[in-house]
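Peer 1: Here's the letter readout for the chains.
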Amino acid sequence: MKLATALLLFAACVFAAEPSTVAVRNARIVTVSGPVIAKGTVVVRNGLIEAVGENVTIPEDAFIVEGEGLTVYPGLIDSLSTVGFANAAASTAAAGGRGGRGAQTAVATAAAPRSMGPEDRPQTTSWESAADEISASDSRIPAVRSAGVTTAATFPTRGIFGGQGSIIDLISGEKPGEMVVVPTIGQYISVGRGGFGGGGGGGGYPGSLMGYIAYVRQVYLDADHYKMAMAAWDKDPRSMERPMYDRALEGVLASKRILLPANREVEIDRMLRFAAELKQPAILYGGHEAYKPEAAELLKKSNMSMLVSLRWPELPRGEIDPDNEPTMRALETIHKAPAAGAALQKAGVKFAFYTDGIDQPRELQRAVKRAIDAGLSREDAIRAMTLTPAEIYGVADRMGSIEKGKIGNLVVTRGDLFDDRAQVLWVIVDGRQYKPETGGQGNGRGPATEQPGNPGGNR
Amino acid sequence: MKRLLLAGLMALAPICAETIVIQNATIMTVTKGTIKNGSVVVRDGKIVEVGEKVMIPEGATKIDAQGQYVIPGIIDCHSHIAGDGGINEGSVSVSSMVNIKDIINPEDIAIYRALAGGVTTANILHGSANSIGGQTIVLKMRWGKDAQSMIFEGAKPGIKFALGENPKRAGNPQGRGANGQQPFARYPATRMGVEDTIREAFNEAKIYKAEWDEYNAKAARGEHPMPPRKDLKLEALKEVLEGNRYVHIHCYRADEILMMIRVADDMGFKVRTFQHVLEGYKVAKEIAAHGAGASTFSDWWSYKMEAFDAIPYNAALMTKAGVVVSLNSDDAELMRHLNSEAGKTMKYGGMTEDQALAMVTLNPAKQLGIDNRVGSIEAGKDADLVIYDKYPLSDFAKVQKVLIDGTVYFDRDKEVSAQAAKDAEKQKLLDKLKQESQQPGNGRGRGRGGN
Amino acid sequence: MKVLGILLGCSLAVFAAGETILIRDADVYPVNGKETKAVSILIQDGKIADIGPKITAPKGTRIVEAKGMRVYPGMIDSGTELGLEEVEAVRETVDVGELGEFMPQLRALSAVNPDSEHFGVVRVNGITSAMTFPSSGGRGGGGFGGGERQLISGQAALIHTDGWTWEEMAIRRCAAMSVMFPSMGGGGRRGGAPDLLEVTPGGAGAAGNARRAYDEQIAKLNDFFENARRYQKAKAAKLPGLQTDLKYEAMIPVLEGKVPVTVSAARPNTIHDAIQWAKKQNVKLVVMQPREIGKAGAELKAENVPVIFGRVLALPSGEDSSYDEAFTLPAEAYKAGVKFAFGTFTNEFVRNIPYQAATAVGFGLPYEEALKAVTINPAQIWGVSDQIGSVEKGKIADLMVTDGDPLEIQTQIKHLYVMGKEVALANKQTRLNDRYSGRN
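Protein chains in written order, with my numbering: chain A, 87 to 545; chain B, -7 to 443; chain C, 17 to 456.
These are calculated hints, taken from the structure and not from any lab test.
With a cut-off of at most 35 Å between alpha-carbon atoms, the simulated DSBU-like pairs for lysine-lysine come out as follows:
1) K432(A) with K426(B)
2) K386(A) with K365(A)
3) K210(B) with K321(A)
4) K148(B) with K386(A)
Away from chain A, derived, C-beta distances all over 10 Å, residues of chain B:
5) Q15
6) T18
7) A202
8) E234
The model shown is predicted, which means the values in this text are computed figures rather than measured ones.
Built from N, CA and C at the ideal position, the CB exists for glycine as well.
This is chain A alone, in the form it adopts within the complex (with noise of 0.2 Å):
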């Protein structure tokens, strides 16, 4: 066993021991579903949590984390992310910061023949699913895992109807199938760049955000048909003719809930009142305008959970030329975004961070440390990447806490998580230990997961 753990702790790689049992002795253990455990043990054994106790007896053949003086908390969820997808990393990167939508839907467009109307289902892959594309060999795992991220919602995000998220635990290995927690749990809606006068440029339709609304609006009109046209000619074969096989109605039909795109307030309105219109369980993603306690009335009042990004907006860097200053209200959100985590946990809505593109550790954990030193309470900003994402994609009888019978997903750290100076010591996914890398992979920034909202142009 010695020589085993000894080996462990050379490695300093990035791939970890099979599943076996861990073991974190006489750490602080923040639970976030019940109280903190000031001086207690986890044990994880076949990838879920065992035990979890102030007195918890440690199996023989454990690999045991001295804690003492750490803290141990359940593994991060990043709500919504592209980490899994191996070739989204390379061409955001190209894109640089656009989003997978950029680049990808270059490509797209150009292979594709143009389209001329809804009925050519433009930039529409909804019956994609994550967990049919990941690779575990995305090189953005390990960093992400760096900061503390045990678990992505992994979303195909290119064009309009992008595809089925999956929730995946962030495991280095072989065999992508292994990642996946959960299947599919919604599908990604983006409604575009819009732009000022709309489309008719480059591509087809639709081309302005009234365009993409109406688009996705004759979506579930024709899913609806669909449904009820696939009924009636499988009750009764002979009396219709064979309705057309629809893969994107199929995807759509699917998904068990929708991803919105909303950072404005005006936006936040606007996708809530459209989700009602759908008729389809929503979430809201982006944020940056959550602030408001408007907007944060808004989503109580519809009974809608946001993800937030925390990648906020910032003042453009190098001088301002005072010809083309930023607008008061740009200010005021650059000012205030990050203070959405606590307007919302004030006004009793269901809201979870996505790290947007951040992969470092420092970077993320000064991030949410803007959320907490903004008035989100730490307690909170934890819940918000544990529990509360686990809640909103209905997993959190699985995982977002340390609980008997939860998967094994813990992050260990010398100091409390989201500090300046905490560090994150051992990473646990399904039981698998990770140590993370000293320098990291990727720029710190990476690309954004989609630019919610548009410009908001008017001519």
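Chain A is fixed; fit chains B and C onto it per the hints.
Peer 2: Below, chains B and C alone, put in the same frame as chain A:
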């Protein structure tokens, strides 16, 4: 939703006085003449009394408008403000499925500026890139409210068509597309094609309508047929055929105006308004006979070939031929002085004062089917009122106050006195953010891989 | 000066046989003094020969009864492309915005089409002369795209709005040298500030590039002026073997201070930079289309730099600017003691210049100043105040006879005189009106 209020400043939130009386003003009612020294009583958002002598209710807030003028709130029949993400779905020539109502941006500063120019209601249209464009909506300029609250309740929805140079421009692309290939040319490329595009779309719409009529008939008989697929694009055109959606048509040349009248006749619907209609004076007879309204510019011309025969007498000539004529802006700047634009019809064409004023009040109200509520100062109508410090049909005048539904949404004195503090507040915030972004390790810096 | 003299002489010669007209019993608003009621004006040989309560007209004088009417100097628009652009969207009709980086030798005057429909249209509302620019509105460098960034666009001309040829229309062939002063960053991009709610990783650094580009452009401009100066000296010294260079020739009147440089400068810092640059180069400056005066006001006044305002009826420059920013600008300039005139910078709107002036009055500019800004001020700024700009004996008879205040929309122009000739107030638009009045 409140507009961004800066702490410590005089609140710019609308005064929601229950009862207001505007006194001692020259009141230009539009429909019942001009009252030299009169008052308007407003309660619960409506005009309750107008006259030289009025009964002032107890507790009424008094606005002394001595030496000033009151007109009905200006209605702009053609505007593209307050929309997010582009006002043109120019990828296809028939985009009747898109709807301005989906993209209302109540935070657009253009709303406030229009308000400050006396506009209280605006018809927000899809752009003119398409022969058949998107669905349109009428908004009141209720600055500070949310998107839904801006919508003019009960105003019939509309749709925008476009004729002439704009909808055929994408059919004649210049230069090369991406990768040096031939750029995509979108049908139509000529005025002939524009007519065809519209006819084809209505042909399709008629077939669609027949399917739905058949379905509805069967369902009414108690049968349970499978409903046809609902097609948003054709649905809007079906509504046009059924008279439930107004058609507003951007057009310039006389030949295309006449063409559209004949197409509408053939298809069995009425054009509600021709927009811009700069050569309307040439076919004013036909426009009047069809019963369409005309919404035009006071004196814009020569910016395009099809605007080369535009004349500032257009509004007057069409009016004399019996057309209901309004003046519009189609521009966030022009929107701010429609009062003086109206005055130009007195200069060019000899319109009377009331006729001129009607072009930006009662006439657009009639065109939009909302004249039961707005467009003149009469008891029972909405209290949408503008107070000018001088004779309004002039550029010497400036707006002092604007009321919508009896609430003061714009007050020049308050606005002017608040500006300095606003500027200071902004500078302070900008300095603060700049300072913060320069501090090292403050969480705002950009990571450079690990630390 | 010589050229001008010859020109004037030529035009006078043509009109030596012109009409003698007596405008009788009008209220005269001379602009350079108080108005006088019920006086007459004698027009002879294209000039204002006499003004007075009782004038005996020579035989053959045409009498124009103007009782109850008003006489004003014809209005001057200090920023147009009249004669150089017919239909904005049709490239073939547009002759502003040539290619080339330094093009001082280009003359707007001889590209003016005297039969442009625009002249007839603007005359109807009392505009008798205008500055026409080779690149008004900052569309130099091959306006429709193509070519490098233009720094000197050419010679703007001051012209009458009536005449058989551009030669006859010319008041000053080269009234200004149009220079595109470099500006930092977006320089008045439409749509305003970028939406900062979009994350812009590594976005600016653009600002750093803007600074560098600006410095480069200034350096180029200064080099060109330097070379022009050397040429000027060489020519004065009659150096043998000096070859005529048309570009540098065109620069000489500018270097001699006879022709001002016009420069678009929207913000106080750009205005300041432009003023300092002009001082260094020892040239006269006119600032065009400022959007903000602010602290530049004192410097403009101290350095005697006049300003031409673009359309007063314009949107504020930024979302947070005061809603009446553009409306109050002329009043602000007036309070700062800055001399200014108005320009519309779009042919289509030239006829509305009096209403631009009226708007400024509505927002604080004294009425007399507004009237001066479309009459005597531009005459002074463009160096022709001895010829036009006021109703004074000896000046060219550019006059409008109105039934009221010309800044008021409902006022009609009853008679218009350009160079002492009565100009018919018909134009393409009145003709279409007449024609179609008969149809409906």
